[in-house]
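S.K.: Which chain is which? The protein sequence lines are A, B, C, D, E and F, in order. One point on numbering: in our numbering, the residue at position 72 of the first sequence is 72, and numbering is uninterrupted. One point on numbering: in our numbering, the residue at position 82 of the second sequence is 82, and numbering is uninterrupted. One point on numbering: in our numbering, the residue at position 86 of the third sequence is 86, and numbering is uninterrupted. One point on numbering: in our numbering, the residue at position 341 of the fourth sequence is 341, and numbering is uninterrupted. One point on numbering: in our numbering, the residue at position 55 of the fifth sequence is 55, and numbering is uninterrupted. One point on numbering: in our numbering, the residue at position 199 of the sixth sequence is 199, and numbering is uninterrupted.
By construction, these hints were calculated from the structure, which means they are not laboratory data. Hints may contain errors.
Calculated pairs, SDA-like style, for lysine to any residue (alpha carbon to alpha carbon, straight line, at most 25 Å) [unchecked claim]:
hint, chain 1, residue 1, chain 2, residue 2
1, F, K180, A, F55
2, F, K336, F, T277
3, B, K2, A, S31
4, D, K272, E, I60
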Amino acid sequence: MKKIEAIIKPFKIEDVKDALVEAGIEGMTVSEVKGYGRQQGHSELYRGAEYVVEFIPKVKIEIVVSNDHYLELAINAIKEHAKTGKIGDGKIFISDIERVIRIRTDEENEEAL
Amino acid sequence: MKKIEAIIKPFKIEDVKDALVEAGIEGMTVSEVKGYGRQQGHSELYRGAEYVVEFIPKVKIEIVVSNDHYLELAINAIKEHAKTGKIGDGKIFISDIERVIRIRTDEENEEAL
Amino acid sequence: MKKIEAIIKPFKIEDVKDALVEAGIEGMTVSEVKGYGRQQGHSELYRGAEYVVEFIPKVKIEIVVSNDHYLELAINAIKEHAKTGKIGDGKIFISDIERVIRIRTDEENEEAL
Amino acid sequence: MEIQYVLDTFFALFAMTLIIFMVPGFAMLEAGLVRTKNVTSVLTVNVMIYAIASLSFLLIGYEIAFGSWEYQSKMSQWAFFLFQMAFVGKVVNIVSGGVSERSRILPLALFTIVVGAFIYPLIVNLTWGANSLSETVFDISGLSDLAGSTVIHSTGGWSLLAAILIMGPRSGRYREGKVKVIPASNIPLVTLGALLLWIGWFGFNGGSVGSISTKESADAVALTILNTNTAGLAGAISGWLLTYYRYKKFDITMILNGALGGLVAITAGPDKYDIYTPILIGAIGGALVIWAVPLFDKFKMDDPVGALSVHLVNGIWGTLAVGIFIDKVSIWSQLKAIVGVAVIVFPISYFVIYTINHFFTLRANDEEQFDGIDSVECGMDAYPEFRRGL
Amino acid sequence: MEIQYVLDTFFALFAMTLIIFMVPGFAMLEAGLVRTKNVTSVLTVNVMIYAIASLSFLLIGYEIAFGSWEYQSKMSQWAFFLFQMAFVGKVVNIVSGGVSERSRILPLALFTIVVGAFIYPLIVNLTWGANSLSETVFDISGLSDLAGSTVIHSTGGWSLLAAILIMGPRSGRYREGKVKVIPASNIPLVTLGALLLWIGWFGFNGGSVGSISTKESADAVALTILNTNTAGLAGAISGWLLTYYRYKKFDITMILNGALGGLVAITAGPDKYDIYTPILIGAIGGALVIWAVPLFDKFKMDDPVGALSVHLVNGIWGTLAVGIFIDKVSIWSQLKAIVGVAVIVFPISYFVIYTINHFFTLRANDEEQFDGIDSVECGMDAYPEFRRGL
Amino acid sequence: MEIQYVLDTFFALFAMTLIIFMVPGFAMLEAGLVRTKNVTSVLTVNVMIYAIASLSFLLIGYEIAFGSWEYQSKMSQWAFFLFQMAFVGKVVNIVSGGVSERSRILPLALFTIVVGAFIYPLIVNLTWGANSLSETVFDISGLSDLAGSTVIHSTGGWSLLAAILIMGPRSGRYREGKVKVIPASNIPLVTLGALLLWIGWFGFNGGSVGSISTKESADAVALTILNTNTAGLAGAISGWLLTYYRYKKFDITMILNGALGGLVAITAGPDKYDIYTPILIGAIGGALVIWAVPLFDKFKMDDPVGALSVHLVNGIWGTLAVGIFIDKVSIWSQLKAIVGVAVIVFPISYFVIYTINHFFTLRANDEEQFDGIDSVECGMDAYPEFRRGL
Ligand SMILES: Nc1ncnc2c1ncn2[C@@H]1O[C@H](COP(=O)(O)OP(=O)(O)O)[C@@H](O)[C@H]1O
Ligand SMILES: Nc1ncnc2c1ncn2[C@@H]1O[C@H](COP(=O)(O)OP(=O)(O)O)[C@@H](O)[C@H]1O
Ligand SMILES: Nc1ncnc2c1ncn2[C@@H]1O[C@H](COP(=O)(O)OP(=O)(O)O)[C@@H](O)[C@H]1O
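One chain only, chain A, in its complex shape (with noise of 0.2 Å):
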């Protein structure tokens, strides 16, 4: 099993979850998060004095999935949706995941996603 961890920008969220839904992803857990990278974060003003705003507010989605087609499904689904084709469009990550429990059930793994 998979995990996807997809750093993007927060209005896009909308968009890429009802693609996921569509590709049949049916769970994901998502979370607000920070990011630091090349796009420059924006200029704020204060009495009379600017600064910047260095950490911009991403979105990261986290999925798990039980096998490759799942895996490609989202990963194209979140390619395709989050893009803009500007600066901090963020990143993808993939990692293994070894063991899956879903607790209401105790079912494991691919019957728990």
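Following the hints, complete the assembly by docking chains B, C, D, E and F with the ligands onto the known chain A.
M.R.: Coordinates of chains B, C, D, E and F with the ligands only, in the frame set by chain A:
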């Protein structure tokens, strides 16, 4: 060493933490996330229009354990105390950790846990 | 490719970020978490009753690096700049990443970092 | 006589002060109703409106409205001015509230000058003031409107209608035939703001009686405040029952909008009713809000704070109500004035806003709206330390 | 004479307006003290109380309390009514505050009708008003209570006691013999609310003098406001010193509750003391709050806002204090009235709440409490964009 | 005569009430301007200042200022006291605001006693009051200062200067020659607070006329309030134009500080100007704030709320302005008083704060500042459920 990531219902966090501590797990990291899955979001009302909040608040617990003994203890503690039997109880994901460092002492791996 | 997850004290984030950037690490993702460990939470007062806030605010830094050179650089930067010597300095976890994609360009792996 | 002069001056200052509480009132109400990313700009606009509209009225508008600074002599002319000045900003507040979350600040400031210096003073001139068009076809001075159901609220409402037609809805609000719900970000502020407005209304309507220094006028003031309050109570309750009846939930934004609707509706004649009629007028006012809010949405007239429903719809209803319930007041004079104000204010506002929009672009574009007006126009978050959820 | 009529009318309207600031005052105080998940419902309840209690008093309660609308002729009857009406909601506010975070809205609304139309008017009748039971054993009109230490605050307190006994504590509040601390969610709102209440008290007590139009009454009003304020100051300071002495920390919720305790305690006789006695009365008032808050917790009487300690305990203390410090006032009449109000209000309230509870279930169940009353009853978050922490 | 006594008493109480709205005004303004981790302690300090300063003035200060309780007989002595008492806390508010986010509470409380009981009463004695040093070289009673540009605002400003010099900046504020920006945490509170202060100013300045009971005094009061308001409007607009001109953004904290600067500047003579001069005085006042805020930062005088710029700079400017614009007022008397107050208040304050600091350590250390004064001093978060962002 293994990493346990558990997504649970927020109001179970106290119970689960107590159970983990009792099982001898001394450290954990917790964060708020939003989940999307089979559990349906609740509907809210605003100025005469109803709408559904799709992402449901969940809590994510991350625990790194040094061996299978603690792994099983932790999994059981979570399974037992996070279960309500109703949809949306959440999932447990297990993956591999290669190396651990305790920043304060520079200790590594088992000793760092 | 490796993923570094470091849990540190919140007021160290600026220093650590600067050190990482100096070490040539160009991207990272940061989030707020709460920690439970040996460090004791502080006590608060409310209407004549004292109580302990058990979960302590921490910051989690996630960095994916392409090779061992950067891995060591990053670990050292974190170890050095997050250390206060007092309990609760936090931990660094290292794990494996199989694949990385930059959403904007479709570049993969080393090129995507 | 001197003592009457003193008392009426004191009373005007008291009433004025209550109305000024409507400045934080509107500011908090609107800041609570919009999303956090637009809060700073909404607050900036509210402060700016008070400053610019009042100063425009001082420098230009007052003399247009009342002919001269010596318009009256029964109280201190400064107190009379202050009381009148307190009204001006409210007209623009109605407009700015209804177009919030998508409007740029500078063009709004320009429009504020025009309203404070010309549009509102013109309407006051024709109704409460110098009456320069008397005995022409535009003579609407037959209007019976104690504190401005038409003069203030409808005037603001027609201007807002023009602004909404020109600016369009917030981006993403109407998609594929569906209304996207955009919830208020801070309900305590909404409540605080609405309650401050409510209190301000005592000054608005009570002060409009114009004198407290005789037994009769003291009674009139007290009755006015009583009836004003009663209509607010009834509007809240009718808003409450109607939403509860339909949704089995309590929607405090609608309850408060209902109360405000009731308050607008009573404003034309609180000194004229017995103490029970305002229950009916206010309850209908509240019901009109509950009915109008989704209606305007159906026509894709996006109004984040419900200003059209509260001020325009109930401004009309309240003005008609005086004609309906009070024998001595002709419903035809009321209708004539309602229409008269509409045909003056709407086209002028439309023209002015259209022109301003042409040179300065009132509407923030979609990307700016996504990022929030605060970051584009103010460079300042309203709540920078509070983490914004998904 | 006419000028006195005018002045007293004006003054009553001024005092009434200050009291109405207590509506946002209570709303903000309570919204700040409860958890974010219950804020919308607390605000809804506060607005609803003002609307329903006032309208009930207008339609039914006022005539029960004062016999007829012509009760007095020294000021505009409408002003007199408005001033009296401003009190009613406060009684229910005391109750709703003390049972917040676990009560459903509809049954509270029903109880509000009963209090506004019957229970509170009955107590007023017996003390300040028509005095229908005069010369019976229930005659408590010997009570000396300027602005309601007993009539308002104890009445609300006894009702609240009944409500708490029937409803029980918030779920999870008392576990295995330990008190679970549930911190306030928004301290600025708590502070704003308490300070608005404080200002409202000037109107409450000052206005209760009933006239300002002679030299003597003007002095009495000024002394009343001075003493009211002083007791608040002293209550704050004593609350402050006592918590600091015990915990070496400054607990602003206790400081503010101390101030409110002092204000309740002075309310029975601020016109009668010299200018130093209120320091003592207020300081004891503040101390009583600090002492009573943990005490009620010991008896598992869960009161999220400290209403029992502020209003009931200090309502009793303040009423006794007049008997203690003022020669002309008999402490026995005071005691008789305290007990009289208790034996009238507590059983009636218990019966009414019990009955309402039987048909409509006042208490939200554990799951609803966990999710928050807002989502169950209002379907609306108070702060939907602010992410709630663990 | 009696009716004048009544009217002036009533008016003083009205004015006093408006000033008390400045208590929540300052509290909300400062709570909004500091970081969330210091909000509870800022609120605690604000409440404490009101309690302690007022009580110190009641017990000691008033007689120092005015010689005796029988100082005047034209209105109720209690009303006169209340009006004067309402001023005291403001002086300390200026100080506490300017040193917030780094000061401990207890030493501030001690300083509050000294200001309320001695320093401020001394200055009042020399200017508005008993004038004990008349015909000495310290006689500054030639000062023309209606409501305290010098007596209140400069006094507070000089004390604050002493405090800032002794305490130093917030830790981390000036690093390697750069100013670290520390944004306000809650802009709606800032706005609410500033607007409440604005309204309070009507009472401050209007009430300082001292009487409303004749035609002349009624005119003077109304003119005073009009001019006060106008200067605020002009200050807001000038603050707005200047920041917009430089940064192409709207900075509401500067707009509001500009308004407050204008209000401070007009305070010395609002009864003396015609209705247009305040536009100039206020606009310059606003501009001075915009210019002074970065200037004080250049000298590393860290003032989170801009109190030096608003109160000290404009206190001086406002006092001079009367000398400049009003023929009858000598600019030399004004200058003498400005300097006189400076050489009295600054050294005394410096000495007192230095001594307090020696025994009780005013400044929280770096670690405490990092954690926030709330957790160290109050043990209580202002917003415990809102998750604090990075
Ligand atoms: N090496 C990395 N490790 C973890 N997160 C990263 C890394 N590089 C980038 N990110 C995340 O991806 C986001 C986008 O990266 P950025 O360099 O700004 O743009 P782009 O991905 O378009 O090149 C960052 O804000 C950060 O959250
Ligand atoms: N494939 C997945 N990847 C990541 N998180 C998931 C996945 N499936 C479910 N989750 C998380 O688990 C939570 C519970 O899942 P849900 O399907 O609602 O109920 P249940 O686990 O009882 O079947 C979701 O809200 C989501 O946070
Ligand atoms: N086994 C673990 N799994 C996950 N997170 C951990 C673990 N142990 C510690 N942590 C995180 O590291 C933080 C610091 O740990 P703590 O035991 O308090 O101090 P120290 O690291 O100095 O021994 C904790 O607050 C928690 O967030």
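S.K.: Each hint needs a verdict: does it hold in this structure or not?
M.R.: Status of the hints after comparison with the structure:
no.	hint	in the structure
1	F/K180 <-> A/F55	holds, 16 Å
2	F/K336 <-> F/T277	holds, 24 Å
3	B/K2 <-> A/S31	holds, 22 Å
4	D/K272 <-> E/I60	holds, 23 Å
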